[in-house]
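Chains as they are written, first to last, in the numbering used here: chain F, -5 to 137; chain P, -5 to 137; chain W, -5 to 137; chain Z, -5 to 137.
No wet-lab data here; the hints were simulated from the structure. Any given hint could be a false lead.
Same chains, same names: a pair is fine if it fits in one copy or spans any two.
[Stated by the list, open to error] Computed cross-link-like contacts, DSS-like style, restricted to lysine-lysine with a CA-CA straight-line distance of at most 30 Å:
no.: 1; residue 1: Lys83; residue 2: Lys(-4)
no.: 2; residue 1: Lys61; residue 2: Lys83
no.: 3; residue 1: Lys114; residue 2: Lys61
no.: 4; residue 1: Lys46; residue 2: Lys61
no.: 5; residue 1: Lys114; residue 2: Lys46
no.: 6; residue 1: Lys61; residue 2: Lys75
no.: 7; residue 1: Lys46; residue 2: Lys(-4)
no.: 8; residue 1: Lys(-4); residue 2: Lys75
Number of protein chains: 4
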Amino acid sequence: MKIQIRPYYHIAQYYETDQMGIIHNSNYFRWFEECRTDFMNQLGLSYGEMEKQGVRAVVLASYCEYKQPMRYEDQAQITAKITHFSGYKMTVEYEIINSLSGVLCVSGYTRHGLLLSQMKPVRLEREFPQIYQILNNQCEPTE
Amino acid sequence: MKIQIRPYYHIAQYYETDQMGIIHNSNYFRWFEECRTDFMNQLGLSYGEMEKQGVRAVVLASYCEYKQPMRYEDQAQITAKITHFSGYKMTVEYEIINSLSGVLCVSGYTRHGLLLSQMKPVRLEREFPQIYQILNNQCEPTE
Amino acid sequence: MKIQIRPYYHIAQYYETDQMGIIHNSNYFRWFEECRTDFMNQLGLSYGEMEKQGVRAVVLASYCEYKQPMRYEDQAQITAKITHFSGYKMTVEYEIINSLSGVLCVSGYTRHGLLLSQMKPVRLEREFPQIYQILNNQCEPTE
Amino acid sequence: MKIQIRPYYHIAQYYETDQMGIIHNSNYFRWFEECRTDFMNQLGLSYGEMEKQGVRAVVLASYCEYKQPMRYEDQAQITAKITHFSGYKMTVEYEIINSLSGVLCVSGYTRHGLLLSQMKPVRLEREFPQIYQILNNQCEPTE
């Protein structure tokens, strides 16, 4: 059964603005990561704990589409969902909405490889069946 | 005639590493931007000057593929090329090579919309014909 | 009368770590700023609004002392107080405590000059008496 | 004998600007670090190598004074010197000059503790006499 995930909130900071007066495009990848950490915690999977047990979710690719700028002090509501999961690869999709206006400002995804600390692929299903189960349950493929 | 562009070099910094001991994935988008600024300068187009004249190249989308990690004190050799240019949209592709090993570590692209400061699309060809000419000449579509 | 200020909370992020496995020292200045934005909001002074009205609080100096490292997923409890205020200059002091352990990890300050947008000093008392009053009331000089 | 150190150069990047149209204050601490890495390399001491040998130079405190703003595409000329060295503590002072105008924009310092990887103080003089010698020679106390 899927766990109902609460959105993650981030207030846009002054140090994240650029001289165009908007949030610099590189920061949204950091907000995706903040949301992902929170998402994993809501699934009962602390990423910090996973690393200590020897599992890493390295980023293979990341993509971001900028639809509307966000500005200093805007509140971003960020949602994540797993849209692909194979036991050794995972795709997470994100949407960033301006909480006040409800406008979709940014969307994107990150693709991850699940590795043992020694940078070898891990077969989660066999080696960490509990983590496998949680992530697999949570996967919602997009058509 | 295309201008021969020299690669851009960036030394990977300590503050760009993360606790995995590698350069954090979000930084490569910043290195792409550093390279793009240098690329534009080599074309005789200071982006700072363009902004003062009222032209902005906002980022519409950005994508990055992580093939091999880079580490503290590695020297990155970054190349850019324009692979699509229409007068109001532009795509720039990047490759990041570890100078020492010659290994391709990161590739990606950014897509840009060319706007007037008031956030209206600009028809470069008519309004800034010289900028149009330079960018159009430099475009090398990938097949 | 002084307004009772709630602490500001920040979860330490992965992208804020470095290869020593701790939060990189440069980030604490950004956390000070996050806390300051929140502090001003609690005083009823949105810094974004102040900028729109033409008042800027530029940073003249900043100082940070690192007592204990913080790590990924630690929750930082950050408090700010104004310790000097003269109408055109202001000092804010900060303390960062690890919420879980209660240990003081970081302390520091920022000194600010209050300017009009045109980079001229502003006499807050005369030109923005309401802002002056709030900040002056909030000032708690350290002996 | 002191080694003659060349200044370090950094081009101010777009992602380092903020909505005030200047380089955000937090970035100068990162430029100090870039300069320090380069400074150590010029002394024949790769900080990366030192870490592999088990010596860490953790930051105990950092200070920055902002005299004049720097802007996008400005070239910063950054100089460092060791002004205090005791074998287990070290202070490095920095100056950032706008290359074009020659104006001093930023000054500051960082204080470091020299530690073994296990976070114990190291007596450089005994344990790493060669590193001790180089740093000690380079020290220029300010009066």
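Okay, which hints does this one fail, numbers in order?
-> Structure breaks no hint.
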